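Given the sequences, and given the hints that come with them, work out the whole structure.
Top to bottom, those sequences are chains A and B.
Last residue of the first sequence? That's 246 in the working numbering, and every number before it is there in order.
Last residue of the second sequence? That's 1525 in the working numbering, and every number before it is there in order.
Since the hints were made in silico from the structure, they are not lab data.
From a predicted model like this one, the values you see are computed outputs, not experimental measurements.
Note that beta-carbon positions come from the ideal geometry of N, C-alpha and C, so glycine has one too.
Warning: the hint list may mix true and false statements.
[As the list claims (entries may be wrong)] Among the chain B residues that face chain A by a calculated CB cut under 8 Å, a handful are:
no., residue
1, 1505
2, 1507
3, 1512
4, 1515
[Said to hold, decoys possible] Here are the computed distance ranges between Cβ atoms for each label pair:
no., chain 1, residue 1, chain 2, residue 2, range
5, B, 1464, A, 186, 55 to 65 Å
6, B, 1468, A, 140, 34 to 44 Å
7, B, 1314, A, 125, 34 to 44 Å
8, A, 52, B, 1457, 50 to 60 Å
[Claimed, not checked] Here are a few chain B residues that sit away from chain A, every Cβ distance over 10 Å (derived from the structure):
no., residue
9, 1281
10, 1332
11, 1340
12, 1368
13, 1373
14, 1396
15, 1412
16, 1459
17, 1470
18, 1478
19, 1489
20, 1490
21, 1498
Residues per chain are reported as follows:
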Amino acid sequence: MNSRFPGQVALITGDCDNLSLTLARALRQEDAQVALACQGGLGGSAIEAAGARWYAMDLQNGKASQAVLRSVADQLGRIDIWLHYASATACSSGTAGLDGVHNCARFIGEIMQSQESGRVIFVASVAGLFAPAGQALRNSQEAALFMLTKSLAIDWAPLGLRVNAIALGVVQNGVAAPDDHLLGRIPMGRAARPQELVEAALFLADDRESSFITGEVLRVDGGWTAYHLFHPFDEAF
Amino acid sequence: MTTNTNELSDRVAIITGAGRGIGLAIARNFCEAGATAVIAELDADAGEQASQALRDEGHDAWSQQCDVRSRESVDALVEAVTLRHGRVDALVNNAGMNFVSPTECQPDSDWHLQVDVMLNGVFICTRAVGTVMLRQGSGVILNISSIAGYGAWPLRSAYDAAKAAVISLTENVGCEWARRGVRVVSVAPGVTRTNILQSLVEQGVASLDQYNRRTPMGRVADVEEIASVARFLVSDRASYITATTLAVDGGWIAWDGLPGKATV
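Structure (structure tokens):
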């Protein structure tokens, strides 16, 4: 079995939590060089233990972010895969967070265009597709990431770049047990395992598997967004 | 790749309409991952030629003549597969056709044939194979829909309606069976290089240049690009994905179709 991304450089931005670390580890196992640019909630040593390089970056500080991204590109030579993952906490920053992602997109897009190849994956929440109550700003932010996915995909498709998103439902994050209230809403009746997010991300990053997919939102949600009726799910029957 | 190249070993997959085109590419891809492919094909000769070709390549494949519109025919297929293998792990509802005509001129027979094969046939196969899968407590049903199921493609009303219904059926049955170990998913291909496309081009009702221009990636899909996605979705790597459709369209449905200048 050969690895999937030998010689490639993967950049992960957004959150520093267990899931981003899991994604970093998985990309590393596929022989990508991995950079994790985030504010460092996990600490540099945990990131480096996963085989990734840590770059301290505040996504909302545009100029500083660009300087960090320049360092990544200079030190690692290229960026083949950009994976942006933001949890609910990061999304609470609203339009400032979106500006930060867009700012990164402009810079990383230029690098990928010069390479004539690159794959971008935004991991966002199903909250951008259906509106959970009481979190209007977050829902809007998630929806904006899906539209950014489509828009960048269209602009960059002629240049050989692919841009896709994952709409993630409830996932085990290794910190808190998923809320039973939420699990009862999910057709599959359980939260996603981190590996199930990882597999979807690697699939979208792999040109041998998803070469004709761009501008698409892959729902990794146990059926959440297909279901429209009652809560809990059992009441549908 | 680290993706297990034998990830479908010991799995039995039925692929309808797999005598050629996307269905055959999926059958080959599944076989390359270790699966046994059962080619269910209305055209018995095409089915046998396809399965012989796969066997010649060293794969495990066989074919059975099957009319997906007929409950008896589908039941006979499922019985033959379960007798031989004792199980069914994947069903790919792929059989299809595409007639082009103005709706006001469309004969009843054209409408009924397309809806019978591409919607009723999907239901008949899903019910028959799904019953086996529910008994096993495991299985994946993959429906081949189309980007035409997301919106209007004039002169193809029956095709569009059937494909839209399949997207809905995927969500419905996917939810119904979500807690019983059976996933139901769909792939919506964009324009793909198949003999159906070739035939439409030869009839003068389709233009490759036009499709290339309309697709953000600037080209149509090869059948292998649909097959690789099919394999991911039926594999255990997609174990949290159900009741959803994935477009494999080079960006077609994400774009409004108006030319513009990239300004990011």
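Status of each hint after checking the structure:
Proximity of residue 1505 (chain B) to chain A holds as hinted, the smallest CB-CB distance being about 4 Å (cut-off 8 Å). For residue 1507 (chain B), the shortest C-beta to C-beta distance to chain A is roughly 6 Å, which falls under 8 Å, so the interface hint holds. At about 4 Å, the closest approach between the beta carbon of residue 1512 (chain B) and any beta carbon in chain A falls short of 8 Å, and the interface hint on this residue holds. Interface hint status for residue 1515 (chain B): upheld, as the beta-carbon distance to the closest one in chain A is roughly 3 Å, under 8 Å.
At roughly 59 Å, the beta carbons of residue 1464 (chain B) and residue 186 (chain A) sit within the given window of 55 to 65 Å. A hinted range of 34 to 44 Å for the beta carbons of residue 1468 (chain B) and residue 140 (chain A) is consistent with their spacing of about 41 Å. The given range of 34 to 44 Å is respected by residue 1314 (chain B) and residue 125 (chain A), whose C-beta atoms sit roughly 36 Å from each other. Taking 50 to 60 Å as the suggested C-beta distance range, the pair residue 52 (chain A) and residue 1457 (chain B) conforms, at roughly 56 Å.
Non-interface status of residue 1281 (chain B) relative to chain A is upheld: no Cβ of that chain comes within 10 Å, the nearest being about 19 Å off. Against the 10 Å criterion, residue 1332 (chain B) stays outside the reach of chain A, whose nearest CB is about 25 Å from its own CB. The claim that residue 1340 (chain B) is not at the interface with chain A holds, since no C-beta of that chain comes within 10 Å of its own (minimum 29 Å). No beta-carbon of chain A comes within 10 Å of the beta-carbon of residue 1368 (chain B); the shortest separation is about 34 Å.
At the 10 Å boundary, the C-beta of residue 1373 (chain B) stays outside the reach of chain A, the nearest C-beta of that chain being 28 Å off. Non-interface call for residue 1396 (chain B) relative to chain A: holds, since the shortest CB-CB distance, roughly 19 Å, exceeds 10 Å. The non-interface label for residue 1412 (chain B) is consistent with chain A: the shortest C-beta to C-beta separation is roughly 15 Å, beyond 10 Å. Taking the minimum C-beta to C-beta distance to chain A, about 18 Å, the non-interface status of residue 1459 (chain B) holds against the 10 Å cut.
No Cβ of chain A approaches the Cβ of residue 1470 (chain B) within 10 Å, the least distance being about 16 Å, so the stated non-interface status holds. The claim that residue 1478 (chain B) lies off the interface is violated: its Cβ sits roughly 5 Å from the closest Cβ of chain A, which falls inside the 10 Å cut-off. Non-interface call for residue 1489 (chain B) relative to chain A: violated, since the shortest CB-CB distance, roughly 5 Å, does not exceed 10 Å. With a minimum CB-CB distance of about 6 Å to chain A, residue 1490 (chain B) fails to clear the 10 Å threshold, and the non-interface call is violated.
For residue 1498 (chain B), the shortest C-beta to C-beta distance to chain A comes to about 4 Å, within the 10 Å cut-off, and the non-interface label is violated.
Checked against the numbered hints listed earlier, the structure breaks hints 18, 19, 20, 21; every other hint is satisfied.
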